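Keeping their order, the protein sequence lines are chains A and B. The first sequence begins at 29 in the numbering used here and counts up one residue at a time. The second sequence begins at 1003 in the numbering used here and counts up one residue at a time.
It is possible that part of the hints are untrue.
Said to hold, decoys possible - Pair ranges (Cβ atoms, derived):
hint, chain 1, residue 1, chain 2, residue 2, range
1, A, Ser216, B, Asp1100, 52 to 60 Å
2, A, Leu215, B, Asp1276, 23 to 31 Å
3, B, Ala1190, A, Val259, 32 to 40 Å
4, B, Tyr1216, A, Ser78, 25 to 33 Å
Said to hold, decoys possible - Below, a list of computed lysine-lysine pairs in the BS3-like style, where the Cα atoms sit at most 30 Å apart:
hint, chain 1, residue 1, chain 2, residue 2
5, A, Lys200, A, Lys133
6, A, Lys200, A, Lys178
7, A, Lys85, A, Lys133
8, A, Lys178, B, Lys1095
9, B, Lys1092, A, Lys178
10, B, Lys1040, A, Lys178
11, A, Lys200, B, Lys1040
12, B, Lys1092, A, Lys200
13, B, Lys1092, A, Lys123
14, A, Lys123, A, Lys200
15, A, Lys133, B, Lys1092
Note that these hints are calculated values from the structure, not bench results. On a predicted model such as this, the values are computed, not experimentally measured, just so you know. Ideal Cβ placement from N, Cα and C applies to all residues, glycine included.
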Amino acid sequence: MFPPNNLPLPAETLLVTDELYAPADFILHRHLVSSLKGASSSKCVLVTVSGDVGRWKSVIQRSNVKVAQYMESGVLTFLDAMPHIVSAMDGGSDKPLMNLLEELKRLLNVSLAEVRSSVILDDIASLQWMGIPAPDLVRFTRALSALCRKNNISLVIRHHVTTPGEPDDVLKHLLQLCTYHLDVFPLSSGRSGAVSGQIALHCGPGTAKPVHRLIPRSAAIQYRLTDVGSVFFDRGTGSGVL
Amino acid sequence: MPSLLSSAIAQPARNQHLLLLQSSSAQTCLPILRAVVKHASERTRETTVLFCFLYPPSSFLEAPSERSENVSVVDMTTHIPGYDDEDDGKLPKDRILDTVQSAPAGPINVVIDAIDTVAADTGSVSGTARLLSELLALVRTRGATSRVVLHVLAPSPLIPILTQTRFSPTLTHLIAHPTALLAHIASAYLTPPPPLASPEKFWGVFIPISERHYESERLVFGPEGEGSGLQEFAVEVLLRGPGGDGAARRRGVERVLEGWSPAAGGPCELRDLDSLKSLWSRRAVPETQKALDPMQNLSFNLNLTPEQQRSRAQVPLPYAHEGKPLEQARAPAAILYDPDSADDLDDDDPDEDLDI
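Chain A extracted, bound-state conformation (with noise of 0.2 Å):
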């Protein structure tokens, strides 16, 4: 079964990269779902740096989720970034994200430890492009994966890939953080009506034993978005399947 229900595993972190033509959108969307629906009391923070919480509610409201519920129980918050990184960085603080993690402690409680909580956040690629230096942004994830490992929380943190290949200074600390992979890429034969793109699942350095059934990217499940989710088939199985 893809992917694994139990990814990530409390206190582990989930790395899921993404390229241009095959966003991971649909992972996160499951991921969210999975979630709320999973452990009977459970609590999971969206963190948006775009701000569309109208399109991850009416994404997640067609699973049959009943947002507006969940919200107001506090099972489900999302919280949007920007304001507190626009005015870190309007006050000139050397610090932008700061103001952030200490509003997600907040909002995690963390000492409510019979609660399975998860994070999401979404994502650390525009957080780099809207000028946050690499640095403070690798101590923010080392910060964050720290305080999720140490309060038995699930991490999952989405980076767009925009050099295939050759991985940027961001990516190369979140590959050493993370305790799995997610590697959603597209074809390389191009764009295809049948098959949207393909998974393949490695596991970080810091994982002594690997959990899962790793997938390498030349034995990658691929994957076909529909209306109601996604569907996942083991290459050349597409006909069978779709």
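Assemble chain B onto chain A, guided by the hints.
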């Protein structure tokens, strides 16, 4: 041949006080560091101190309750400059040196999981180099098999400093390379790794390419790559000074290429790596088959009897000179030209009015 990698991990040699493990974005060396920590923790007469700056302690050791008493872990992953709630103002340098100085007497192994992160956090490469130099001096006083184990992510400005003989006369340097790099060199440069090719030829090609990290990154992350996180990889082992195999002081540096495979239990030879099996399975180029001889297996006789050969030799050949040079003298070559009425042929030099 005994594996240098195995002895570097499990049997530290006397006076080999510095073990440097080098990873890159294309290939991590952390599985080897994990094995080093595991073996060090099993030597109960030695104290092992593990400093975690980037990777969590669970990457190297089991849960705290299952760790042996001779192992102590200093978890610095939450001490990030600017984001540290528990900042007590103590510098990483002081924390490291104080912890080592206060460790129980006897042989000690000091392991730092990400020395490039320490340099980035302190903001000073020279300061970090000084710290490591002091640490090494401290560890040397502890006993013959005590050592400092450092892991670094290349490229880093610390690597050229740590590999100098001035920093440490003895060094064991392990560098992880993706197997895709060896396969690429074998196919694009027609230079497979030793013993398939001569070591001199191989190292002359391999070293410059391996130092260009973008080449390995392109091979791993590019369109033909498998992505990161490969479990088996090649390890370049550089040994300066006496080795664990009891060899007498070696001159210069010994450099070998070995493999790491979880399926083989860790250190192995290159030929045991699944991804490189195709290099060894190519048999040596077969000797050029004897050109098919059309003269064999014929139903008629093409040979000549002696009488036939004699009469053939008497046939005059239709060559003008039969290869013999002409004996009469010839006139020297000359061009004979007859000008017609339109030619303006005179013997004046047209350039004589030039004044150069």
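Status of each hint after checking the structure:
1. Remark: the range hint 52 to 60 Å for Ser216/A to Asp1100/B is upheld by a beta-carbon distance near 54 Å.
2. Evaluation of the 23 to 31 Å hint for Leu215/A and Asp1276/B yields a pass: the beta carbon distance comes to about 26 Å.
3. Between Ala1190/B and Val259/A the Cβ separation comes to about 39 Å, which falls inside the hinted range of 32 to 40 Å.
4. Taken as a hint, the range 25 to 33 Å holds for the pair Tyr1216/B and Ser78/A, whose Cβ atoms sit roughly 31 Å apart.
5. Proposed proximity of Lys200/A and Lys133/A is supported: the alpha carbons are some 26 Å apart, at most 30 Å.
6. At most 30 Å may separate the alpha-carbon atoms for a hinted pair to count; Lys200/A and Lys178/A meet this at roughly 23 Å.
7. Annotation: proposed proximity of Lys85/A to Lys133/A holds, straight-line Cα distance about 23 Å (limit 30 Å).
8. The hinted pair formed by Lys178/A and Lys1095/B meets the criterion: a straight-line CA distance of about 24 Å does not exceed 30 Å.
9. Distance restraint check for Lys1092/B and Lys178/A: the Cα-Cα separation of roughly 21 Å lies within the 30 Å cut-off, and the hinted pair is therefore satisfied.
10. Between Lys1040/B and Lys178/A, the direct Cα distance comes to roughly 23 Å. Compliance with the 30 Å bound is thereby established for this hinted pair.
11. The suggested pairing of Lys200/A with Lys1040/B holds, with an alpha-carbon distance near 27 Å, which does not exceed 30 Å.
12. Of the supplied pair hints, the one linking Lys1092/B and Lys200/A holds, its CA atoms being roughly 29 Å apart against a limit of 30 Å.
13. The straight-line distance between the Cα atoms of Lys1092/B and Lys123/A is roughly 21 Å, inside the 30 Å bound, and the hint therefore holds.
14. Proposed proximity of Lys123/A and Lys200/A is supported: the alpha carbons are some 21 Å apart, at most 30 Å.
15. As the CA atoms of Lys133/A and Lys1092/B are separated by approximately 24 Å, the hinted pair is consistent with the 30 Å bound.
Going down the numbered hints, you'll see the structure goes against none, and every one checks out.
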